[in-house]
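Protein chains: 2
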Amino acid sequence: MADSTNTGRRKRQREPKRVLPTINQLDWTIPTYVDQPTEPLNADALARVDNAAMRILEEIGIDFLHPEAIQILVDAGCVNESGSQRVTMDRELVRAMVSKAPESFELIPRNPDHRIVWGGNIFTFGAVASPPNVSDIENGRRVGNRKDFQDLLRLSQTFNCIHFNSGYPVEPVDIHASVRHLDALYDKLTLTDKICHAYSLGPERVKDTIEMVRIAAGLSHDEFREKPRMFTNINSSSPLKHDWPMLDGAMTMARYGQPVVVAPFTLAGAMAPITLAGALAQQTAEALAAIVLLQIINPGNPVVFGAFTSNVDMKSGAPAFGTPEYVRAMQISGQLARHYKLPWRGSNANAANTPDAQSMWESMFSLMGSTSGQANMILHAAGWLEGGLTASFEKFIMDCEIIQQFMYYQQPISTSDDALAIDTIAEVGPNGHFLGCQHTQDRYLDAFYSPFLSDWSNYEAWEVNGAIDTPRRAHNLYKKLLKEFVPPPMDDATNEELKEFVERRRREGGAKTDF
Amino acid sequence: MADSTNTGRRKRQREPKRVLPTINQLDWTIPTYVDQPTEPLNADALARVDNAAMRILEEIGIDFLHPEAIQILVDAGCVNESGSQRVTMDRELVRAMVSKAPESFELIPRNPDHRIVWGGNIFTFGAVASPPNVSDIENGRRVGNRKDFQDLLRLSQTFNCIHFNSGYPVEPVDIHASVRHLDALYDKLTLTDKICHAYSLGPERVKDTIEMVRIAAGLSHDEFREKPRMFTNINSSSPLKHDWPMLDGAMTMARYGQPVVVAPFTLAGAMAPITLAGALAQQTAEALAAIVLLQIINPGNPVVFGAFTSNVDMKSGAPAFGTPEYVRAMQISGQLARHYKLPWRGSNANAANTPDAQSMWESMFSLMGSTSGQANMILHAAGWLEGGLTASFEKFIMDCEIIQQFMYYQQPISTSDDALAIDTIAEVGPNGHFLGCQHTQDRYLDAFYSPFLSDWSNYEAWEVNGAIDTPRRAHNLYKKLLKEFVPPPMDDATNEELKEFVERRRREGGAKTDF
Numbered sequence: 000m001a002d003s004t005n006t007g008r009r010k011r012q013r014e015p016k017r018v019l020p021t022i023n024q025l026d027w028t029i030p031t032y033v034d035q036p037t038e039p040l041n042a043d044a045l046a047r048v049d050n051a052a053m054r055i056l057e058e059i060g061i062d063f064l065h066p067e068a069i070q071i072l073v074d075a076g077c078v079n080e081s082g083s084q085r086v087t088m089d090r091e092l093v094r095a096m097v098s099k100a101p102e103s104f105e106l107i108p109r110n111p112d113h114r115i116v117w118g119g120n121i122f123t124f125g126a127v128a129s130p131p132n133v134s135d136i137e138n139g140r141r142v143g144n145r146k147d148f149q150d151l152l153r154l155s156q157t158f159n160c161i162h163f164n165s166g167y168p169v170e171p172v173d174i175h176a177s178v179r180h181l182d183a184l185y186d187k188l189t190l191t192d193k194i195c196h197a198y199s200l201g202p203e204r205v206k207d208t209i210e211m212v213r214i215a216a217g218l219s220h221d222e223f224r225e226k227p228r229m230f231t232n233i234n235s236s237s238p239l240k241h242d243w244p245m246l247d248g249a250m251t252m253a254r255y256g257q258p259v260v261v262a263p264f265t266l267a268g269a270m271a272p273i274t275l276a277g278a279l280a281q282q283t284a285e286a287l288a289a290i291v292l293l294q295i296i297n298p299g300n301p302v303v304f305g306a307f308t309s310n311v312d313m314k315s316g317a318p319a320f321g322t323p324e325y326v327r328a329m330q331i332s333g334q335l336a337r338h339y340k341l342p343w344r345g346s347n348a349n350a351a352n353t354p355d356a357q358s359m360w361e362s363m364f365s366l367m368g369s370t371s372g373q374a375n376m377i378l379h380a381a382g383w384l385e386g387g388l389t390a391s392f393e394k395f396i397m398d399c400e401i402i403q404q405f406m407y408y409q410q411p412i413s414t415s416d417d418a419l420a421i422d423t424i425a426e427v428g429p430n431g432h433f434l435g436c437q438h439t440q441d442r443y444l445d446a447f448y449s450p451f452l453s454d455w456s457n458y459e460a461w462e463v464n465g466a467i468d469t470p471r472r473a474h475n476l477y478k479k480l481l482k483e484f485v486p487p488p489m490d491d492a493t494n495e496e497l498k499e500f501v502e503r504r505r506r507e508g509g510a511k512t513d514f
Numbered sequence: 000m001a002d003s004t005n006t007g008r009r010k011r012q013r014e015p016k017r018v019l020p021t022i023n024q025l026d027w028t029i030p031t032y033v034d035q036p037t038e039p040l041n042a043d044a045l046a047r048v049d050n051a052a053m054r055i056l057e058e059i060g061i062d063f064l065h066p067e068a069i070q071i072l073v074d075a076g077c078v079n080e081s082g083s084q085r086v087t088m089d090r091e092l093v094r095a096m097v098s099k100a101p102e103s104f105e106l107i108p109r110n111p112d113h114r115i116v117w118g119g120n121i122f123t124f125g126a127v128a129s130p131p132n133v134s135d136i137e138n139g140r141r142v143g144n145r146k147d148f149q150d151l152l153r154l155s156q157t158f159n160c161i162h163f164n165s166g167y168p169v170e171p172v173d174i175h176a177s178v179r180h181l182d183a184l185y186d187k188l189t190l191t192d193k194i195c196h197a198y199s200l201g202p203e204r205v206k207d208t209i210e211m212v213r214i215a216a217g218l219s220h221d222e223f224r225e226k227p228r229m230f231t232n233i234n235s236s237s238p239l240k241h242d243w244p245m246l247d248g249a250m251t252m253a254r255y256g257q258p259v260v261v262a263p264f265t266l267a268g269a270m271a272p273i274t275l276a277g278a279l280a281q282q283t284a285e286a287l288a289a290i291v292l293l294q295i296i297n298p299g300n301p302v303v304f305g306a307f308t309s310n311v312d313m314k315s316g317a318p319a320f321g322t323p324e325y326v327r328a329m330q331i332s333g334q335l336a337r338h339y340k341l342p343w344r345g346s347n348a349n350a351a352n353t354p355d356a357q358s359m360w361e362s363m364f365s366l367m368g369s370t371s372g373q374a375n376m377i378l379h380a381a382g383w384l385e386g387g388l389t390a391s392f393e394k395f396i397m398d399c400e401i402i403q404q405f406m407y408y409q410q411p412i413s414t415s416d417d418a419l420a421i422d423t424i425a426e427v428g429p430n431g432h433f434l435g436c437q438h439t440q441d442r443y444l445d446a447f448y449s450p451f452l453s454d455w456s457n458y459e460a461w462e463v464n465g466a467i468d469t470p471r472r473a474h475n476l477y478k479k480l481l482k483e484f485v486p487p488p489m490d491d492a493t494n495e496e497l498k499e500f501v502e503r504r505r506r507e508g509g510a511k512t513d514f
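Which chain is which? The protein sequence lines are Z and B, in order.
Just so you know, we're using numbering that gives the first Met the number 0 here: the first sequence kicks off at 0 and counts up by one.
Just so you know, we're using numbering that gives the first Met the number 0 here: the second sequence kicks off at 0 and counts up by one.
None of these hints come from the bench; they were simulated from the model.
Note that the structure is predicted; figures quoted are calculated from it, not measured.
Take the hints with a grain of salt, since some may be wrong.
Unchecked claim - Straight-line distance between alpha carbons at most 25 Å, and here's what the computed BS3-like set of lysine-lysine pairs gives:
hint, chain 1, residue 1, chain 2, residue 2
1, B, Lys479, Z, Lys314
2, B, Lys479, B, Lys498
3, Z, Lys479, B, Lys314
Stated by the list, open to error - Residues from chain B shown here face chain Z by an in silico Cβ test under 10 Å; the list is partial:
hint, residue
4, Ala44
5, Pro272
6, Gln357
7, Met397
8, Pro450
9, Trp461
Idealized CB from N, CA, C, for every residue including glycine.
Given these sequences and hints, build the entire structure.
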């Protein structure tokens, strides 16, 4: 039935009435970096990190907790001693396999207008993924639930600066784990029309997600496989280990030609060496090991080099983000990714417990690192708090304000005669001002970035208006945006087909809940 | 009497007992940039901005509201039509004069251990200067007064990341304007021992400040002139105008061989063209015009190219800071300064009304712009709020936290065998962690930047400890630091001499209060 359309997009049967936008946000656009990336390592130093990563793969090896994966690797020339899960691989094989992966690729969601690209000098943002808790400043912190999950999806859909959905913006814990992915994906596919993510938690969840994404896009099975339509993100279990559920999900995705982000969680001082170069060498080895496996399974499969190296607080062992070390780790990860000709992933991370000043300076450092290193996809870009343990509604809004500014910032500066404005400077002279002159009048509407959240009124006006600080303004705004939310169109037949799929899989018992 | 010492530094007679430090801050250091600067303009585009600045100087001219300055410029070959204040100068003269200024110079305060350098790849930070108001979250916003003025100086002295004092950290309005500079300088010279600033508000204030700085350092008049010992900062009255008090102060400083920062206040859309290139061309013309005058007066006098170009909110006309435009303006100003081989000044500015999330993301953007453009001196680096109308105690502490991180961040990354840690990765293997291994134990004390203000505890611990947000932590910390403050040593004779000078000048009536 779903195979009957060839356009890749069904006719929209109902176009809901749109209300006037509450926020004056940037239009949907796929931004590109215009600056040179910041590169902390010279060519020799970069070669030393690469060499260390290769030595880890050759001499130490990576544990693959997946017998089929080990067999595939051995068949391709890797070494595994019987009875062990450790696999070593030599650098020629690694380089040959990694070179098969595309430098850049397009991903097409159910709404093709929201297609994106990962690679080259393009950058994109995805919302917070996978926190167990959610918070807002009025109701406080609570365990994740479907209502908040849906509301965060509505915000992701509302903001044009959110280019893709990643994992659940908060875990909807009130849905049973066996069927959570079905309800969650139904919500995601009906409340948003941007690129979707599948959790690599065993084979059923990935296959169900693939099927639902296919149905939502109105594609045949063959059409689905032709292009990247979604992605998964797997983390190694650092140090030096890839677990079964993640590997299995990633392998399934590769068999469907779908993108896999491989992001080791190499916290320097805990799961990786305390030295940045060592942590990055280990990150590289762990990421490339999985990428080699996926390229053997499906040569040319789109993959993303994931960078999540940060450091811990050596006093407490707590993870820290948005630190000077994190900025450098992101920039060097960018160098490594470009060396391997792979798209790469950064994050907007912080370790603050509340959406205050610290949360923003850490986020700003994280975004500075990710963008000056020229990450192609920036995960957790809006809403992440507490090192990823909570999704904050106010932080979501505040983050959208700053990621818009990072997008706007990446544009060339004109030095045309018009821009240099010598005639205007002569016309205004030493005793005038530029507010009223024609040159200003012709340009004032869109001369500058216009924030939707910042309060630039003077102190007296700000006080008269209630002295509202930024988290409270963000709170008021997200409530308003949710009230005015209109879901993206989906034709009734597709919606029915999705519902039927969910019901059928629910009757079948969903997915296994332990591994 | 003060001329009797030759060492440039008197023996310290009393060394106050030191208490244990409340904050684990970075040691005093003069940081250097290790990255390449971010340069938005290519060589052609930069040449176009330079050419536009030169055309402004040649064809439009700058008003100098100072007859003696006009005469000096005319004598050197500039053109002034009788009865007008407008001066034009051709680019050959401009380039010849600007090339006399040093690319880099050292400034030596009364404590030579706090000497700094402006130029090259060195960067330094100065505290907030000149707000009329002061605030803390407990007592709110109030008009500046001597007590708060002194407390802000104590913080400037306490933090090693504050390299120099600029103008008054808040205006001590409770001291009469005619003698304010005397009491204020006495406080500054006794509560701090870092580089001082003189307001260019007519000849008396500058001369009094020079004399007090000389006395505090125990120098003869000749010794004083041998080296930069202090600085002034002048702003053009944009567009295209230099006022009498600023010019007169700057000219006096040049006659004493002391550094002058020339910082036009070119807000795009108000006092300068709405287009960034035009605003920067105008900023350059205004800065170079004053620099030419100073180089004629004292060839080789140290000067700093000041960059303060930002934009206004076109809805309200209010100045905005820490915007994408501001970041680009700083980076391009850096390109221009390097083109003219001049040290340059940036700022840490924001337009927020309270030390919340917005204040920090705007500050982070400002610092990102100033440091990625490689400013040599960054004014208003700690404490600035409300576009400069208020000095905030909490913002001061928060800013010191982030400027320390910007300092720490600028260091090379080791890729030695030790740093790559392959043996350690092999030793720990897939089933261990790095917290306990020798490689970590040997390095954990100073492996990472250690913040003094960030709270990295988990949510539960944070809540148990009172759920204290960042401004409140900053509030508690500044109170503690003030309580524990010990002024830097000054021998009694010097202190007496300073007091006598203040008393004598007070009896003489101080300085004129209108111009």
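Requested in this report: Grab the minimum C-beta distance from B:Pro450 to chain Z and call the hint holds if it beats 10 Å, violated otherwise.
Outcome: holds, 8 Å
Report task. Take the C-alpha atoms of Z:Lys479 and B:Lys314, compute the straight-line distance between them, and say whether it is at most 25 Å. Result -> Holds: Z:Lys479 and B:Lys314 sit about 22 Å apart, inside 25 Å.
Query - Hint validity - B:Trp461 Cβ closer than 10 Å to any chain Z Cβ - result: holds, 4 Å
Query - Distance restraint between B:Lys479 and B:Lys498, which requires alpha-carbon spacing of 25 Å or less - result: The hint is violated at about 29 Å.
Query - Interface hint for B:Ala44, Cβ within 10 Å of any Cβ on chain Z - result: Holds: closest Cβ of chain Z sits about 4 Å from B:Ala44, inside 10 Å.
Query raised in the report: Does the structure keep B:Lys479 and Z:Lys314 at a Cα separation of 25 Å or less?
Result: Cα-Cα ~22 Å, so holds.
Report task. Using Cβ atoms only, decide whether B:Gln357 comes closer than 10 Å to chain Z, and label the hint accordingly. Result -> holds, 4 Å
Query - chain Z contact restraint on B:Pro272 - CB to CB distance below 10 Å - result: Holds, because the Cβ-Cβ distance from B:Pro272 to chain Z comes to roughly 4 Å (cut-off 10 Å).
Query raised in the report: At a threshold of 10 Å, is the proposed contact between B:Met397 and chain Z supported by beta-carbon distances?
Result: holds, 5 Å
Of the numbered hints listed earlier, the single one contradicted by the structure is hint 2.
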